[in-house]
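Just so you know, the sequences run in chain order A and B. Okay, so the first sequence: first residue is 1 according to my numbering, each after it adds one. Okay, so the second sequence: first residue is 1 according to my numbering, each after it adds one.
The set of hints was computed from the structure by calculation and includes no laboratory data. Hints should not be assumed to be uniformly reliable.
What the hints assert, rightly or not - Which stretches of chain B does chain A cover? Using the computed rule of at least three CB atoms under 8 Å from a CB of chain A, they are:
hint, stretch
1, 60-72
2, 76-85
Said to hold, decoys possible - Here are some chain A residues pointing at chain B (derived, C-beta under 8 Å):
hint, residue
3, A37
4, P41
5, S45
6, F56
7, A58
8, A81
9, R154
10, D156
11, C163
12, T165
13, F225
14, P318
15, E333
16, R334
17, R343
18, K347
To be verified - Example chain A residues on the side facing chain B (calculated, C-beta under 8 Å, incomplete):
hint, residue
19, L7
20, F9
21, E264
22, A277
23, Q287
Ideal placement from N, C-alpha and C gives every residue a C-beta, glycine not left out.
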Amino acid sequence: MQLQTMLRFRTGWAEAEGPEHAVVLSTRVRLARNLRAPFPPHLTSAGLKRVLDAAFAAAKAAGLKDAAYFKLADLDETDRAFLVERHLASPALAARPASRGIVVGESESIVAMVNEEDHLRLASLLPGLRLREAHAAVDRLDDGLAGTLDFAFRDDLGYLTACPTNLGTGMRASCLVHLPALAATGAVGRLVESLTRAGLIARGLYGEGTRVIGDFFQISNATGFGRTEGEILAALERSVAAIVAREKDARAALASGAARVKLEDEIHRALALLGAARLLSFEEGQQHLSRVRLGLALGWKLPADLSLVNELTLTTQPAHLDLLAQKVLPPLERDALRAALVRRRLKAS
Amino acid sequence: MICQSCGQREATVLVQTVVANQLKKTALCATCAGELPPAAALDALLDTLAHLSARPRVHPGRCPGCRTSFADFRESGRFGCPGCYEHFLPQLKDLLPRLHAGAYHHRGKTPGRR
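Excised from the complex, chain B in its bound form (with noise of 0.2 Å):
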């Protein structure tokens, strides 16, 4: 099967996607696929993301690091470098159980130390 988006390469993956309630699937190669968000665990963050309230108590303005703001994390699902995680502490204390099945703490590998 060739690949339902460039039209040329072969299609290896095929991608399952709800559109209007309707189930559609879609043949892509491996480099259309490539371009497609991560789906799952990112659609999970993103849902939960667009069920936070739209506007925070505390506006937290953007990033001093990368200039990422809240909102462009909460379209993305990603932050711009590792500082948004120091800037964004508030927003991320009621975000975190939700993603991480009620954790809220690191535990684990900590580097250095066994």
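Excised from the complex, chain A in its bound form (with noise of 0.2 Å):
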């Protein structure tokens, strides 16, 4: 467990700020890049490896020399499931260590993880809806590793990849977005709909395939094949704008009238849980922090502040617990100390 450092640093990504960040936690900007060679799966272990060197020293050469550097590797279960629960790996990425890496730039906005299923997979994260800023940064990135690295790209198809989905300019760019009320109003299904049908897609928090706990959708692009960055971001801008809109009506309608009691039990209700459990587990502690940050966002007084939910909905999860206690804990330990921590940082603020 060599990670316990950056438990003691808040991500940057997960702080209450930019725009619309009542509603959209945060943006994430990643590009497919890979060099003139086998797609990783297909390389042999010497061949993962000189990909990774090649990768590192690019990195090093960019700017990112204060970055940090981890070779997945050199790294245990616990350290490995921390990067995911961070979002600074996939979870495809730590199931297949060897000759596998991360570099970690500042605060944690900027990431290139190395033979996942692309040699490269650059990614800006930033908390609040900021598309544009977010590729800004993943495309300095991008060209100051063209500096040292020949990236396979062809007129006609863009930047090659793995799987042609991606194929063109290797761009997804999607937001991270809380829509409680959406949920509750039993909106969110057809929503998720009539996104797929604009070209969207809406999937949980953990990445593609699954379902999120905590009303948290992440919205993205689901080609980046034929239309320019510019495009594709305008696009996403446009749809991600209007599901804020849809959620914000849909917590004005929740907060107001007859309605209005009922949602603030329900908020209540969870504070109080939250402050005095015992023992929490992860999915329940998910579902009370995001009513909680819902009541919050309507501008509530309540005692607590988004900063900390957003903290306490990333630090309550398995890996960052067991890091903590620097050890695997048994799950009966962990759902304590998830309740002991959650009590602290609410007494505290």
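Got two chains here, each in a separate frame; can you build the complex from them with the hints?
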């Protein structure tokens, strides 16, 4: 367990700041890039190692001198799970650590995954709805790396990727949105359907094919081929802005008239439970934190703030708690530590 | 909740799959979820590939660079190397517009050009 120091720093993308942060927790823009060599699943271990070394050297040359460089094989399972919970590594990367690596820049706002499905997956993560800013940051890193690395590219097809769904710009831009009101009114299912028809993908907090506990959804572009980066970002921004408006309307409806006392009851019960529980499961914690986050986003006076709720949403995940305890905890002890951490942080606020 | 796959680690992901018209929910830890193929976009690709005619008019053979066959690609949805795009270009010309909302040509960033 080497990553304890990272526990002490607040991750940049979970700060409660940036446009529309009451609904949009964070923005992520990633670029898939490959060298002119077999894709990672087809590389020998020596080939994977050559790519990892070349990528780390290129990142240093590109100005990521002060970044943290991790070889996943040097980390234990808890450390790797921590990086997944922190959104710095994908579950697929963590599952196959040999000759896989990540480079993590300042405030965890920029990250490069090496030898996932593609040789490089570059990503910028920022709090709030900041698609253009996030793209500009990852685009700069891409330019920097292209100074030393020769990326596989064709004029007609764009950047070449292991899976043709990522072909072209290699870009997937996404916003992590908190939709408790649309989930409560049952409108979220219809929303996901309409997003799919509009060429977007909606999925859970932890990545593809999953559903989130805690009303967080990731909205991203489905295709990055045939349109420019600017066009893709503009279309996504319009859709996310529309979702934000609908969530805000739904929140206002839940917080007015006869419905208000019901929501107040729910949120204060959630807060009371978080402040008193001696055992808190991951799912229960996330659900109640989601309620409190909703109350705070509505501007209600509650003994907490959005930054703290964002922080607890992140730090009460299993591997974060194991890292805090410096051992792999049995489930009951982990639930006890989670409850103690939440009580202590809420009390301090 | 404990992961329903390894039975050891805490589950943080709820995966929904449709099996025989029944919605099945499986709670998994991040490690076991990582073993799953990514869904969504890949599902759509594999679905498209499954509906391509089983026998291409001209058999494309294997990519000379990495020995990937078109059958390998149809099964996994992944190519083996950048050279596969060159080798399987005739097959791709049909596939790309179906995957990418009708698009057949890259627009957007070109390395070294602004």
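To see whether the hints hold, each was checked on the structure:
1. 60-72: holds (count 3)
2. 76-85: Since 7 is at least three, the answer is holds.
3. A37: 7 Å, holds
4. P41: 7 Å, holds
5. S45: This interface hint is violated because 16 Å lies over the 8 Å limit.
6. F56: Not OK, violated: A/F56 not within 8 Å of chain B, min 20 Å.
7. A58: At 14 Å from the nearest chain B Cβ, A/A58 fails the 8 Å test, so the hint is violated.
8. A81: 5 Å, holds
9. R154: 7 Å, holds
10. D156: Hint on A/D156: holds, closest Cβ of chain B at ~6 Å, below 8 Å.
11. C163: 5 Å, holds
12. T165: 4 Å, holds
13. F225: With a minimum Cβ separation of about 4 Å from chain B (threshold 8 Å), the hint on A/F225 holds.
14. P318: Since the shortest Cβ distance to chain B is 4 Å, the answer is holds.
15. E333: 11 Å, violated
16. R334: 7 Å, holds
17. R343: Given a least distance of 20 Å, the restraint on A/R343 is violated.
18. K347: It is violated, given that the least Cβ distance between A/K347 and chain B is near 25 Å, above 8 Å.
19. L7: A/L7 check fails; min Cβ-Cβ to chain B is 17 Å, beyond 8 Å.
20. F9: 21 Å, violated
21. E264: Hint on A/E264: violated, closest Cβ of chain B at ~29 Å, above 8 Å.
22. A277: Hint on A/A277: violated, closest Cβ of chain B at ~16 Å, above 8 Å.
23. Q287: 12 Å, violated
Violation of the numbered hints given earlier is confined to hints 5, 6, 7, 15, 17, 18, 19, 20, 21, 22, 23; the remaining hints are satisfied by the structure.
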